[in-house]
Amino acid sequence: MTDQTLTPEERAANLKGMGCARKRVEDVRFTQGKGNYVDDIKLDGMLFGDFVRSPYAHARVVSVNKEAALALPGVIAVLTAEDLSPLGLHWMPTLAGDKQMVLADGKVLFQGQEVAYVVAEDRYVAADAVELVEVEYEELPVITDPFESLKSDVVLREDLEGQTEGAHGPRKHHNHIFTWEQGDKDATESVLAEADVVAEEMIYYHRTHPCPLETCGCVASMDKVTGKLTLYGTFQAPHAIRTVVSLISGLAEHNIRVISPDIGGGFGNKVGAYAGYVCSVVASIVTGKPVKWVEDRMENLMSTAFARDYWMQGKIAATKDGKITGLWCHTTADHGGFDACADPTKFPAGFMNICTGSYDIPTAYLAVDGVYTNKAPGGVAYRCSFRVTEAAYFIERMIEVLAIKLNMDAAELRRINFIRKDQFPYQSALGWEYDSGDYHTAWDKALKAVNYEGLRAEQAQRIADFKAGKTRKLLGIGLTHFTEIVGAGPVKNCDILGLGMFDSCEIRIHPTGSAIARLGTISQGQGHATTFAQIIASEIGLPADDITLEEGDTDTAPYGLGTYGSRSTPVAGAATAMAARKIRAKAQMIAAYLLEVHDNDVEWDVDRFAVKGAPERFKTMKEIAFAAYNQAIPGLEPGLEAVSYYDPPNMTYPFGAYICVMEIDVDTGEWEVRQFYALDDCGTRINPMIIEGQVHGGVTEALAIAMGQEIAYDDMGNVKTGTLMDFFLPTAWETPNYTTDHTVTPSPHHPIGAKGVGESPNVGGVPAFSNAVHDAFRHFGLVQSHMPHDHWRIWKIANGLGMHG
Amino acid sequence: MIPAGFEYHRPGDIASAIGILQEYGDEARVIAGGHSLIPMMKLRMAEMGHLVDLQAIEELKGIEVGPDTVTLGAMVTQHELITHSGLAEAIPLIREAALQIADPQVRYMGTVGGNVANGDPGNDMPGLMQCLNASFELSGPDGNRTVAARDFYEAAYFTAREDEEILIRISIPVPGAGVGQAYQKQKRKIGDYATAAAAVMVGNGQASVAMTNLADTPIWSDEASTALAGGDVEGCVAAMLDAIDPVADNRGPVEFKKHVAAVVLRRAIDRAQSRAG
Chain W
1 MTDQTLTPEE RAANLKGMGC ARKRVEDVRF TQGKGNYVDD IKLDGMLFGD FVRSPYAHAR
61 VVSVNKEAAL ALPGVIAVLT AEDLSPLGLH WMPTLAGDKQ MVLADGKVLF QGQEVAYVVA
121 EDRYVAADAV ELVEVEYEEL PVITDPFESL KSDVVLREDL EGQTEGAHGP RKHHNHIFTW
181 EQGDKDATES VLAEADVVAE EMIYYHRTHP CPLETCGCVA SMDKVTGKLT LYGTFQAPHA
241 IRTVVSLISG LAEHNIRVIS PDIGGGFGNK VGAYAGYVCS VVASIVTGKP VKWVEDRMEN
301 LMSTAFARDY WMQGKIAATK DGKITGLWCH TTADHGGFDA CADPTKFPAG FMNICTGSYD
361 IPTAYLAVDG VYTNKAPGGV AYRCSFRVTE AAYFIERMIE VLAIKLNMDA AELRRINFIR
421 KDQFPYQSAL GWEYDSGDYH TAWDKALKAV NYEGLRAEQA QRIADFKAGK TRKLLGIGLT
481 HFTEIVGAGP VKNCDILGLG MFDSCEIRIH PTGSAIARLG TISQGQGHAT TFAQIIASEI
541 GLPADDITLE EGDTDTAPYG LGTYGSRSTP VAGAATAMAA RKIRAKAQMI AAYLLEVHDN
601 DVEWDVDRFA VKGAPERFKT MKEIAFAAYN QAIPGLEPGL EAVSYYDPPN MTYPFGAYIC
661 VMEIDVDTGE WEVRQFYALD DCGTRINPMI IEGQVHGGVT EALAIAMGQE IAYDDMGNVK
721 TGTLMDFFLP TAWETPNYTT DHTVTPSPHH PIGAKGVGES PNVGGVPAFS NAVHDAFRHF
781 GLVQSHMPHD HWRIWKIANG LGMHG
Chain P
1 MIPAGFEYHR PGDIASAIGI LQEYGDEARV IAGGHSLIPM MKLRMAEMGH LVDLQAIEEL
61 KGIEVGPDTV TLGAMVTQHE LITHSGLAEA IPLIREAALQ IADPQVRYMG TVGGNVANGD
121 PGNDMPGLMQ CLNASFELSG PDGNRTVAAR DFYEAAYFTA REDEEILIRI SIPVPGAGVG
181 QAYQKQKRKI GDYATAAAAV MVGNGQASVA MTNLADTPIW SDEASTALAG GDVEGCVAAM
241 LDAIDPVADN RGPVEFKKHV AAVVLRRAID RAQSRAG
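Here the protein sequences come in this chain order: W and P. FYI, my numbering numbers position 226 of the first sequence as 226, with every residue one higher than the one before it. FYI, my numbering numbers position 2 of the second sequence as 2, with every residue one higher than the one before it.
It is possible that part of the hints are untrue.
[Stated by the list, open to error] Cross-link-like lysine-lysine pairs, in silico, PhoX-like; alpha carbons within 20 Å at most:
1. W/Lys796 - P/Lys189
2. P/Lys189 - W/Lys720
3. W/Lys796 - P/Lys42
4. W/Lys320 - W/Lys405
5. P/Lys42 - W/Lys720
6. W/Lys473 - W/Lys796
None of these hints come from the bench; they were simulated from the model. Just so you know, these numbers come straight off a predicted model, no measurement behind them.
Next up, chain P with everything else stripped away, as it sits in the complex (with noise of 0.2 Å):
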C-alpha cells in the first residue's frame, strides 16, 4: 500500500490545470477527493508521473439554487451536498443519496465531480445524475462543452471526457413540483457499493429511472421510464432488467443480482411514487 513516486502539482485556476494537463498528456491525472484514485496508486494499479490536485481551484467550489437549475461545482463534496439546506428542499433525491455514499470521513473528502467524472460504475452519483437529466460541463484547451449525463458513460472507466479535459460544473433541472423521488440501494454493509441501487423520479405524468452497479455503466432506461410514466410499474421492472447486464462478483451470482435489482427498484418506485404530490 506504499504509491510510487510522483510529482504534486496544485494549480490555482482551471485554466493552469488544463496546461498541466496539456503538458504532461498520458503522464498526468487530475485529483478531486481522492477516495477513489488514491487506493488505486496505493495498490500500484494506477501509476502517474504527475498529480494535479483541485482543491485550490475556487471556480470549482460552490453550490448555486436556482429556480429552475442547481449547479454544483465539480469540488463540491459529498458532505455538502447533504448539509446544503436548499440544495435539499429543492431536489430531495441528491441528499438522499448522498447520505447512502461510504461513511461521513468519506463524505467530507469524496467530491460530486470525482464520483461522477471517475466512471466507476459502483459509483451512486452517476446513475443519480442520469435520473435527473444531469448535464455536465467539460473544460478544455479548445473552451467548454457539455455533455449529457446519459450521454457521458462508455464502460468502466470510459467516459465522454476527454484526457485533457476537466469535468468543472454539473447543471441539474429542477424536477417540477409533485414529482416524488427516492433512491433505494442494498449493500453488504458502510462503505459498500451498491448490489443494486435505485434513482427514481415520477410524477405529473413523467418518469425517470436509473440504476447503479448492475453494468458496467449506470443504466438509464427510456423504455422503463417511460413504462412508469404511464403508471406501469411491472412494464418499468421488466424494461430495466432487460437493460442491465450485472456481473457476479463477492456481492453475489447473476441471478441473485437481477432479482434484488427488481426489488429494490420496486421499492424505490414505491417510495417515489408515495412521495409524489
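Bound conformation, chain W alone (with noise of 0.2 Å):
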C-alpha cells in the first residue's frame, strides 16, 4: 500500500500523535536497567562527599574538632562553615526569600542539618571519617509546634534577630515569618456574622515526604584547565539551578554547565538547592576533581525538602437550603528551621488561595501565617502545585464537615455550589480566573458510575446491620470533586527568583524528516520523551517514532523553569505546539514553491500540504524537509527549525471527581479500599495511557499519604519515621485496584488546550480517601479527625465514639 490509497485517519494514525496510547520510549532502558542516574555517573579520579548532621533539633554549635578525621588515610578535607565563610557560601539564599545555613553557623536548627562535609577518596571512607568529626553542642530549647512558637521566648533564628520585616512583609514574633492575606476579610467576617448555618473546624494536613525512589544528589566537576564547571544532579529545574549557581559562586553562567540525567521521581523533593550541592561544587572547585553526594534515604526523610505541614482553621458559611455565601480560613503554616518552600516569589502559601476549590462562592477570606520550628526545612508542592493539596483537602473536609451541620447528602451539597459550566471564564472571590471547567457533568457521571445511591442504600443497611450486632465493619464513601490550579505561570505574576516562569522549546528538522526537540522541562517519569514527540507529530505531520526529545543539559536545551507543579504541558507543552506551528508555517511556503502556487493555495492535511481543490498534489512534510536542506527557495533562509518561548496568558484548572468505597474494620483500625473510581478532566488528553498511570501514580500516593504517611517528630525534634519500616511507601500489595474515566473540557487559551494531569491524583486523592473515613464514622458521629489514618488513629475514632463497647 502506498502512502497515496492512506486515508487521512489511517495516515494521523501512523503518526501516533496527539491522542494515542503510544507506550513509553523510555521505558526500553528503564526496564532493562539502563537508565543513567547520578549515582550511575562515574568520572577519574571521582571524589565522594559525606555529612556530618546534628543529632540535635536545636543546639549551638561549641566546636568541631576535624583532626581524627583529618588523620583518618584517603581523607581530602573536612569543611565547616568556618571554611566556607570566606567565600560567603556558608549560607544561601532559599527560593522563599529567606536564608538558609550551608553548613551550621554556631547553631543548628532541626535534627539532621549538616554540620561539616567531609571530602573523601573513597564513599566507605568518607563514611568512616564522618564518624570521627567531634562535634561538641550545646542543647538549647526545641519547639516543634507552630502555635507555641509564635508565643514562646526562644528564638529560633537568632541571625533574623530584630528584622521586623521579612521577605513577604512584616513579622509579628521573633518566629514569625509572614502573613499572606487574600481576600476581603470585613465582608467575610458579615456574611458568616449573618449567615443561616457557619459550621467551623480545624482541618490539619500532616507533614509527610515527597520520598522519590531516587534520593537527591550531585556530581561536581570543575575543570580547572578551561574553567568550566560540570554539575550533573537530581535537578527538577536544571537552568535556573545554573542560573543559582552562578550568582551564588560567581562563576559565569556560560561557564557552568548543569546537567539532570535520568531522574528517578522528583515529586518536589528535588526542585530546591541543598547544601549538598553547595559543599560539592566547593569541593571540586578546591580540588580539581569531580566530587559526588548522593544522600542516604534516613538523609532523604530527614533533611531535604517536606511537604504539607499546614493548620487550617476553617469556617463555611450557607444558607439552611445549602447555599454557601462565605469561606473563611486562617492558616498556620510551618515552615521548619527555615523558609525554604519552593513557591512562586509573590506566592508564600502558594496557590492556597484556590482553596474555594469547586465551588460559587461568592465572598471568601484567607489569611497565611508563616513559623519557624524546629523542624527540616521545605514545604514543597508534593505532587501538587503550590499548595494545592492543602486548599481541596481543605474545602474537601470543610464541605463535608458543612453537610453534617446541615443534615445534608454530601453529593448534593456539592451539585448545589458548583460553578455552573455558564460561568466560565469564573473569577473566584480569592483572585483567580478559572478557565473552563463542567463540573455538573463530570459529577453525574462519577455518581453514575459507582451507582452513588445504591452505595448509600447498602451503607444504610450496614449502620443497622452494626447496630444489630451482625458486623463489626463500616462502610465508608469518600466523596471529592477538586479543581486544580496548575501551569505556572505567566510572568506578569509568576517568577522563581526573578526568573519568569515561562518555557521553552526548540525543534530541529533534519534533511530526511526526522526530528530532534529540546525543552526547558525535565522528565522525572512523567514520559515526557513519549507525550512531546505526540504533540509534535500532531502539529507537523512528522511521526513520534521519529522525533527525539531531549531535555536537562543546559548547554544544548532553551531555558526553562523545569517540571514541578503540572507545568510542563501547560507550558512547556505550549511551547512545543507553538515551535511545531512556527515550523508548519515556514514548510507551507516551502511546499507552494515546490508546487509551484501561492502560500495561500495549500491547506495542511495531516502531514503534508496540498493544493486547494486538488488534494493529488500535495507535498508530505518528509518531501519538505529534504528541500528545505537542498534547495535554494528565493526568499527563504535553507534548514527547518524553531524555537518558542512560551508565557503562558493564565493557568490552567484541571479538575475531577473521585470516589473511594472504604471497608473499615472498628476492632483494629483496619482499612481496606473496596472500590476507587477516578475521573479526570485534564483537557486535550496526549496519551491516554500516560494520564491513566499517571493517575495511578498519583492516587498511591494519595493513599499513602491519608492513610499513613508521615513526617513525625517527638517532643524532643527526633524525627520518628526516618526509614521505610514507620514512612509508609504502599507497594504493590497495599495498592488497590483504581477505575479511570475522563471528561474532555479543553483550555480555551493553551495552544492544544491541555491543563496537565500529572498531580491532580494526589490533589483529589488525599480528601477522597479521607473523606472515606470520616464517612463510615460520620453516622456515629465523628465531624473530624486528623490524617493519616493510620491503623491506631482509626481505632482511636472508633474507641472515642463509644465502639468498642
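Combine both chains into one complex, guided by the hints.
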C-alpha cells in the first residue's frame, strides 16, 4: 500500500500523535536497567562527600574537631561553616526569600542539619571519617509546635533578630515569617455573622515527604584547565540551578553546565537547592576533582524538603438549604527552621487561595502565617501545584463538615454549589480566573458510575447491621470534586528568584524528515520523551517515532523553569506546539514553492500540504524537510527549525471527581479500599495510557499520605519516621485497583487545550480517602479527625465514639 | 547507610565457625540471611571486626519431616519453609506464618535460624516456635546442647545462646491429627513487624498460645494455653493480656496494642478451632 492510498485517518494514526496510547519510549532503557542516574555517573579521580549531621533539633555548635577525621588515610578535607564563610557560601538564599545555612553557623535548627562536609577518596572512607568528626553541642530548648513557637521566648533564628520586616512583609514575632492575606476580610466576617449556618473546624494536613525512590544527589566536576564547571544532579529545574549556582558562586553562567540525567522521581523534593550541592561544588573547585554526593534514605527523609504541615482553621457559611455564602480560612504554616518553600516569589503560601475549590463562593478570606520551628525546612509541592493539595483537602473537608451541620447529603451539597458551566471563565473570590470547566457533567457521570444511590442504601443497611451486632465493619463513601490550578505561570505574576516562569522548546527537523526537540523542562518519570513527541507529530505531521526528545542539559536545551507543579504540559507543551507551528508555517511556504502555487493556495492535511481543491497535488513533510536543506528557495533561509518561549496567559484548571469506597474494621482500625473511581478532566488528552499511569501513581501516593505516611517528631525534635519501616510507601500489596474515567473540557487559552494531569490524582485522592474514613463514622457522630488515618488513629476514632463496648 | 569495615569469614563447617568465634570473641558475629544484621551494620548500630558467614555450611541446611518430629536446619530460608510440601502438610502453621513475614525478596534470603536466634521481639518465628514447643540445638566449644524455645528468650536481643555458640537446628514435635492451627498477624504494611500477632494450636483437649511483638520477648502463656485447652476462650485472652507488656511506638499507644492483641488472639483462636478435627 502506498502513501497515496491511505485515508487521512490512517495517515494520522501512523503519526502516533495526540490521543494515541503510545508506549513510553523511555521504558526500553528503564526496564532493562539501562537508565543513567546521578549515582551511575563515575568520573576519573572522583571524590566522595558525606555529611556530619546534627543529632539535636536545636543546639549551639560549640566546637568542631576535625583532627581525627583528617588523620584517616584517604580523607581529603573536612569543610565547616568557617571554611565556607570567606567565600560567602556558609549560607545560601532559599527560593522563598529567606536564607539557609549550608553548614551549621554557630547553631543547628533541626535534627539532621548539615554540620560538616567530609571529602574522601572512597565512599567508605568518607563514611568512616564522618564518625570521627567530633562536634560539641550545647542543647537549646526545642519547639516543634508552630502555635507554641509564636508564643515562645526562644529565638530560633538569631540571625534575624530585630528584623521586623521579612521577604513577604511584617513579622509579628521573632519566630514568625510572614502573613499573607487574600480576599475580603470584612465582607467575609459579615457574611459569617449573618449566615443561617456556619460550620467551623480545624483541618490539619500533616507533615509528609515526597520520598522519591532515587534520593537527591549530584556530581560536581570543575575543569581547572577550561574553567568550566559541570554539575550533574537530580534537579527538577536545571536551568534555574545553573543561574543560582552562578549567582552564589560568582562563576560566569556560560562556564557552568548543569545536567539532569535520568531522575528517579521528584515530586517536588528535587526543586530546591541543597547544602550537598553547594559543598560538592566548593569541594570540586578547591580540589579540581569531581566530587559526588548522594544522600541516603534517612538523610532524604530527615533533611531534604518535606511537604504540607498546614493547620487550616476554617469557617464556612451557608443558607439553611445549603447554598454556600462565604468561606474563611486562617492557616498556620509550619515551615521548619528556614523558609525554603518552593513557591513563585509573590506567593509565599503558594496557590492556597484556590481553596474555594470547585464552588461558587461569592465571598472569601484567606490568611496564612508562616512560622519557624525546629523541624527540617521545605514545604514543597509534593505531587501538586504549590499548596494546592492543602487547599483542596481543606475545602473538601469543609464541605463534608458543612453537610453534617446541614444534615445534607454531601454529594447534593456539592452539586448545588458547583460553579456552573456557563460561568466560565470564572472569577473566584480569592483572585483567580478559572479557564474552563463542566463540573456538573463530571459529577453526575461519577455518581452514576459507582451507583451512588445504591452505595448509600448499602451503607444504611450496614449501619443497621452494625447496630444490631451483625457486623464489626463499617462502610465509608469518600467523595471529592477538586479543581487544580497548574501551569505556573504567567510571567507578569509568577517568578522564582526573579526568573519568569515561562518555558521553552526548540525543534530541529533533519533533512530526512526526522527531528530532535529540546525543552526547558526535565522528565522525572512523566514520560516527556513520549508525549511531547506526540504533540510535535500532530502539529507537523512527522511520526512521533522519528522525533528524539532531549531535556536537562543546559548547554543544549533552551532556558526553562523546569518540571514541577504540573507545569510541563501547560507551559512547555504549549511552547512545543508553538515551535511546531512556526515550522509548519515555513513548511507551508516551502510546499507552495515546490508545488508552484501561492502560499495561500495550499492547505494542511495531516502530514502534508496539498493544493486546495487538488488533494492529489501535495508535498509531505518528509519531502518538505529535504527541500529545506537542498533547494535554494527565493526569500527563505535554508534549514527547518524553530524555538518558542511560551509565556502562558493564564494558569490551567484541571478538575476531577473521585469516589472511594472503603471497608473499616472498627476493632483493629484496619481498612480496605473496595473501590476507587477517578474521573479526570485535564482538557485535551495527549496520551491516554500515560494519563492513566499518572492517575494510578498519584492516587497511590494519595493513599499513602491519607492512610499512614508522615514525618513525625517527638517533643525533642527527633524524627520518628526516618526509615521506610515507619514511613509508609505502598507496595503493590497495599495498592488497590483503580477505575479511571474522563471528560474533556479543553483549556480555551492553551494552544492544544491541554491542562496537565500529573498531580490531579494526588490533589483529589487525599480528600477522597480521608472523606471515606470520615464518612464511615459520620453516622456515629464523627465530624473531624486528622490524617494520617493509620490503624491506631482509626481505632482511636471508634474508641472515642464508644464503639468498643 | 555505609557500614564500617570488617573481616569476612566463610567457614565450611560448624567447627570452623565456632573456632572463629572463639578466636575473636566479642569482635565476631555470625551472619545467616543478614536481614537484621546488615541494616544494623549500615546504620552503624552494630559494628564488628569479623563477620562469619554461615551460608557455605551444608550441615545447617535442609528440612527433615519425620512422623513425630520436624527438623529444620538453621540456614533454611523462609522461602524454603513456604515451598516445602511435606512441611506444609505436617505443620501448616509454619507456612502460614512464613507467608506473613516481609516480602518474597526478604524471604529468599531470610533464614529460620537467624529469625529465632537474633532475639528481636518483632520477629515472627520465635513466638511461633514457642507455640509449637520447638527446641533449639546449639553448638559451641563444649559440644551441643538443646534449649526449649519457651526457655530461650531473656530480653530483647538477649537469649540463652552463649557468644561462642551457634544455633544449628530446630526440632519441632509434629502436632497430633485434629489439632487446629492458626497464625494471625496485624501489621501496617508488607515488610512491617507485627502490631500484634498470635500463634494458636488447639484440639484434642490441648492448646498452646503465643504472641509476638507485645513484650521484649515472645510471650507463651501456660495459663492462657491451659484455659483454651479447657475451652475457655475469654480466660485464655485474659491470661494473655496479663502476660503481655507492649510499649508505645509508631504502631500505636499501649491501650490500642492491648485491644488489638485481644482481637487478634480471638481471631486466631476462631480460625484454629475451625480447623480442629
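Quick rundown of the hints versus the structure:
Proposed proximity of W/Lys796 and P/Lys189 is supported: the alpha carbons are some 19 Å apart, at most 20 Å. Taken as a hint, the P/Lys189 and W/Lys720 pair is honoured in the structure, with Cα atoms around 17 Å apart against an allowance of 20 Å. For the hint linking W/Lys796 to P/Lys42, the alpha-carbon distance of about 36 Å lies beyond 20 Å, and the restraint is violated. This hinted pair checks out: W/Lys320 and W/Lys405 have alpha carbons roughly 10 Å apart, not beyond 20 Å.
The suggested pairing of P/Lys42 with W/Lys720 holds, with an alpha-carbon distance near 18 Å, which does not exceed 20 Å. Among the hinted pairs, W/Lys473 with W/Lys796 is consistent with the structure: their alpha-carbon atoms are about 15 Å apart, no more than 20 Å.
Hint 3 from the earlier list is the only one contradicted by this structure; the remaining hints agree with it.
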